[in-house]
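Enquirer: Taken in order, these protein sequences are the chains called A and B.
For the first sequence, our numbering begins at 3 and goes up steadily by one.
For the second sequence, our numbering begins at 341 and goes up steadily by one.
Careful: at least some of the hints might be erroneous.
Here are the in silico distance ranges between beta carbons for each label pair [unchecked claim]:
#1 A:Lys17 x B:Glu705: 44 to 52 Å
#2 A:Pro289 x B:Asp592: 44 to 52 Å
#3 A:Asp136 x B:Lys629: 48 to 56 Å
Derived from the structure by calculation, the hints contain no laboratory data.
Glycine included, every Cβ here is placed at the ideal spot set by N, Cα and C.
Chain residues, written in single-letter form:
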Amino acid sequence: MNYLGCMMKSKQVAKKRIFEGVKIADFTWLGVGPIAMKFMANMGATVIHIESGTRPDICRVSAPYKDWKPGINRSAFFAVYNDSKYGITLNLRMPQAQKVARRIINEWADVVADAHLPGIMEKFGLDYETLRKDKPELIHVATALQGKTGPYSAMPGHGMVGVSLGGITEITGWPDREPTVPFGALTDFLTFPHMVAALIAALIYRKKTGRGQYIELSQLECTAQFLAPPIMDYMINGRILERMGNRSASSVPHGIYRCKGEGERWCAIGVSTDEEWLSFCDVIDNPEWSKEPRFTTFAGRKENEDELNAFVEEWTVNYPPEEVMRRMQAAGVAAGVVESGEDLVADPQLNHRGTLAILEHPEIGPHIYHSPPYRFSKTPHELTMPAPCLGQHNEYVLKEILGMSDDEVSDLLIAGALE
Amino acid sequence: MPSGKKNEGLLSDYRILDLTDHKGLYCGKVLADLGADVIKIEPPGGESSRNIGPFYRDIPDPEKSIYWWAYNTSKRGITLNIEAADGKEILRRLVKTADAVVESFTPGYLEGLGLGYAALCKLNPDIIMTSISPFGQTGPYKDWKADDLVGWSLAGQAYVTGDDDCPPCQVSFPHGYLVTGCHAASATLAALYYRETSGEGQHIDVSMQESVLWTTLLLVQFWDMMKINLFRAGSRRSMGTALFRLAFPCKDGHVGFLIAGGQLASISMPPLIKWMAEEGMLGAFEDKKDWEAKEWAEKVDAWALTQETVDAWEESLIRFFANKTKAEIYEKAREKGMIIYPVSTTKDLAENAQLKARDFYVQVEHPELGEAVTYVGAPYKIAEAPCRISRRAPLIGEHNREIYQEELGLSKENMRIFEETGVI
Numbered sequence: 003m004n005y006l007g008c009m010m011k012s013k014q015v016a017k018k019r020i021f022e023g024v025k026i027a028d029f030t031w032l033g034v035g036p037i038a039m040k041f042m043a044n045m046g047a048t049v050i051h052i053e054s055g056t057r058p059d060i061c062r063v064s065a066p067y068k069d070w071k072p073g074i075n076r077s078a079f080f081a082v083y084n085d086s087k088y089g090i091t092l093n094l095r096m097p098q099a100q101k102v103a104r105r106i107i108n109e110w111a112d113v114v115a116d117a118h119l120p121g122i123m124e125k126f127g128l129d130y131e132t133l134r135k136d137k138p139e140l141i142h143v144a145t146a147l148q149g150k151t152g153p154y155s156a157m158p159g160h161g162m163v164g165v166s167l168g169g170i171t172e173i174t175g176w177p178d179r180e181p182t183v184p185f186g187a188l189t190d191f192l193t194f195p196h197m198v199a200a201l202i203a204a205l206i207y208r209k210k211t212g213r214g215q216y217i218e219l220s221q222l223e224c225t226a227q228f229l230a231p232p233i234m235d236y237m238i239n240g241r242i243l244e245r246m247g248n249r250s251a252s253s254v255p256h257g258i259y260r261c262k263g264e265g266e267r268w269c270a271i272g273v274s275t276d277e278e279w280l281s282f283c284d285v286i287d288n289p290e291w292s293k294e295p296r297f298t299t300f301a302g303r304k305e306n307e308d309e310l311n312a313f314v315e316e317w318t319v320n321y322p323p324e325e326v327m328r329r330m331q332a333a334g335v336a337a338g339v340v341e342s343g344e345d346l347v348a349d350p351q352l353n354h355r356g357t358l359a360i361l362e363h364p365e366i367g368p369h370i371y372h373s374p375p376y377r378f379s380k381t382p383h384e385l386t387m388p389a390p391c392l393g394q395h396n397e398y399v400l401k402e403i404l405g406m407s408d409d410e411v412s413d414l415l416i417a418g419a420l421e
Numbered sequence: 341m342p343s344g345k346k347n348e349g350l351l352s353d354y355r356i357l358d359l360t361d362h363k364g365l366y367c368g369k370v371l372a373d374l375g376a377d378v379i380k381i382e383p384p385g386g387e388s389s390r391n392i393g394p395f396y397r398d399i400p401d402p403e404k405s406i407y408w409w410a411y412n413t414s415k416r417g418i419t420l421n422i423e424a425a426d427g428k429e430i431l432r433r434l435v436k437t438a439d440a441v442v443e444s445f446t447p448g449y450l451e452g453l454g455l456g457y458a459a460l461c462k463l464n465p466d467i468i469m470t471s472i473s474p475f476g477q478t479g480p481y482k483d484w485k486a487d488d489l490v491g492w493s494l495a496g497q498a499y500v501t502g503d504d505d506c507p508p509c510q511v512s513f514p515h516g517y518l519v520t521g522c523h524a525a526s527a528t529l530a531a532l533y534y535r536e537t538s539g540e541g542q543h544i545d546v547s548m549q550e551s552v553l554w555t556t557l558l559l560v561q562f563w564d565m566m567k568i569n570l571f572r573a574g575s576r577r578s579m580g581t582a583l584f585r586l587a588f589p590c591k592d593g594h595v596g597f598l599i600a601g602g603q604l605a606s607i608s609m610p611p612l613i614k615w616m617a618e619e620g621m622l623g624a625f626e627d628k629k630d631w632e633a634k635e636w637a638e639k640v641d642a643w644a645l646t647q648e649t650v651d652a653w654e655e656s657l658i659r660f661f662a663n664k665t666k667a668e669i670y671e672k673a674r675e676k677g678m679i680i681y682p683v684s685t686t687k688d689l690a691e692n693a694q695l696k697a698r699d700f701y702v703q704v705e706h707p708e709l710g711e712a713v714t715y716v717g718a719p720y721k722i723a724e725a726p727c728r729i730s731r732r733a734p735l736i737g738e739h740n741r742e743i744y745q746e747e748l749g750l751s752k753e754n755m756r757i758f759e760e761t762g763v764i
């Protein structure tokens with residue numbers, strides 16, 4: 003695993019950074035916006051994350067907390083979505099704070115990002131129509147669960163129910179059981195890469211034309227991208243997609259099989275071609291059943307899938323999942339251990355690639371952060387600093403970036419504008 | 341501007357060669373819908389993802405795969421055997437005209453053909469190459485295979501998905517490679533931006549395992565910070581000590597809701613309990629009927645609730661929802677500002693009023709069928725240059741003539757020879 007110490011040393015060699023000089027005023031909270039802007043920061047943008055302790059990001063007050071001790075600066079939920087950013091607190095319900103926000107935008111920012119319900123940015127005088135008057139080249143990128151317009155846009159929400167609205171819950175689980183809700187705020191994670199893509203496209207466009215613009219995303223609409231074929235299947239063929247466990251139209255056997263060991267030890271295996279089937283049979287020592295005519299064709303295996311799965315598990319239960327995976331992969335068959343959080347931290351591939359990185363957070367101490375899931379050959383990512391504590395960079399931003407005097411800052415403090 | 345090339349959109353200056361299969365199709369679609377000239381290069385006879393269902397009117401035909409249609413919009417399509425000497429030569433000529441190449445072959449395959457990143461740089465020094473693979477181009481697993489289920493497992497999602505008395509489970513329309521394609525698109529765009537600044541292209545290495553891990557990374561944090569391995573528990577989720585339901589059965593399906601505590605509970609619980617009281621179904625909430633947002637925010641900490649309390653509350657809610665439909669509950673939620681949503685089926689999504697109001701679904705002409713087909717629309721609304729489907733997915737070799745003859749200037753005679761020898 004990469005330690006920040008190593009990364010700091012390597013940083014002494016001047017690295018080229020993709021978004022060097024791009025400045026983002028990040029008014030987002032929860033998942034989509036913070037993560038998208040973290041990615042921009044990892045690729046070199048300077049990001050100021052603007053929040054308020056009067057209405058803290060729910061991620062700040064949700065587990066996981068270091069050593070089980072809750073605290074506004076102790077949650078990794080917030081930390082891992084907000085590394086490499088400066089953090090300031092502004093109580094935007096106060097005109098003085100709104101004025102500071104306007105100055106950050108007018109004097110400093112190229113991009114404004116927000117993830118508020120419709121009407122909130124307007125209330126603060128920070129909506130695109132207002133901002134563009136002072137700064138026509140501004141890019142404003144906004145995300146909301148159902149978008150900023152339309153009859154349902156004002157509903158509050160979050161990804162943990164977004165995954166149900168977005169159609170994924172209904173198709174996760176077993177046909178004879180209740181639907182299973184996928185982990186976490188899944189739709190946030192299906193949306194944020196779209197936010198990154200749209201923002202970069204707008205930055206390219208601005209570089210070429212000098213023009214800013216407004217971009218708006220709906221989590222529901224981003225999620226629907228990943229269900230486009232089954233939605234169209236309903237529209238064209240009238241078929242409603244139903245839960246089918248681990249079955250796949252293009253692979254058999256295709257499932258998650260119990261393996262040897264204490265607790266939840268499982269391995270996924272997917273066999274798609276006849277060639278892979280023969281390799282699979284070799285790995286399991288070509289038992290008698292595998293030669294039965296009903297299993298020699300794909301159609302036959304599909305027809306007898308339940309029995310086949312039982313046979314497969316008769317074999318897998320004799321070996322630890324790591325061994326099942328290695329033996330299958332050595333024979334060219336797709337297989338993978340069902341990894342727990344603990345397994346992920348130890349995963350050889352993730353460790354080799356430096357996916358996980360430890361940063362030293364002022365209150366949490368050293369803990370694990372994540373790199374974006376891609377590597378550039380000439381412009382490596384940097385996780386430059388841990389997530390900010392609440393208001394950690396107030397003084398830096400107000401004095402160094404906006405050039406405020408001590409008196410001006412203390413006036414804001416006394417008025418409560420920095421809460 | 342060559343005939344047929346689109347000339348609007350944020351990315352209309354760029355040409356992208358798309359050599360991917362199902363592992364990377366979405367990347368090219370994102371770029372194409374933003375206006376880039378994306379040329380899908382398929383092996384002669386068509387690319388394998390044309391065999392992925394569902395199919396138009398259930399006709400299993402490589403020209404009627406709805407999967408192929410959905411993820412190849414706005415692209416042009418040519419066929420080319422890049423393993424044949426003449427095919428390689430044609431690809432090299434195309435690379436000279438391109439800004440980026442996106443591929444999803446096994447790591448090392450293109451190098452083996454003499455078409456790796458280093459070789460392409462010799463032809464076009466500022467080319468960008470985006471490589472999508474199961475585990476990345478480096479590391480002990482780089483040569484391993486992974487379908488969506490394997491990626492879902494090796495990124496921790498399977499561990500936390502499914503009923504606790506059944507094997508871990510996937511989403512029945514898996515999205516691992518699709519979300520990877522979206523990351524690949526944003527990385528390609530970042531590299532294009534960097535090239536505008538520096539004049540330099542580069543090679544991008546995108547990992548599906550890491551992309552799926554980005555949907556589930558808190559598993560790592562729960563272990564790192566608290567030494568907890570989160571686990572699967574059907575439609576329930578750990579919020580600290582107790583398990584909370586995220587889906588409740590109702591009359592015609594399920595609704596998504598989380599009682600939680602604190603700020604979240606303060607939004608939904610007061611109006612919900614009022615609604616229960618109106619129908620005389622307070623159940624376990626009898627003592628909370630006068631609570632306002634403040635009480636819920638300050639007195640109820642999801643972290644500290646016992647399982648008994650949560651179970652009792654949830655039982656009351658299940659009884660309350662039992663005689664109400666998803667639509668009735670959703671409408672009330674909208675009216676009262678409660679965070680309760682339907683567990684949508686694909687039919688519900690097709691008929692979703694919000695999506696309709698935002699003109700999300702779009703009609704795309706399919707001249708070969710003599711009709712227009714309804715498609716899922718753009719994932720974002722962009723003021724200056726709309727993201728849109730400019731044409732349906734290409735038929736097999738649909739733009740061979742246009743690109744090979746009209747743009748590259750191959751002679752009719754050469755085209756005939758290449759067709760006969762299986763090069764194109």
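Enquirer: Quick check: which numbered hints come out false for this structure?
Expert: none
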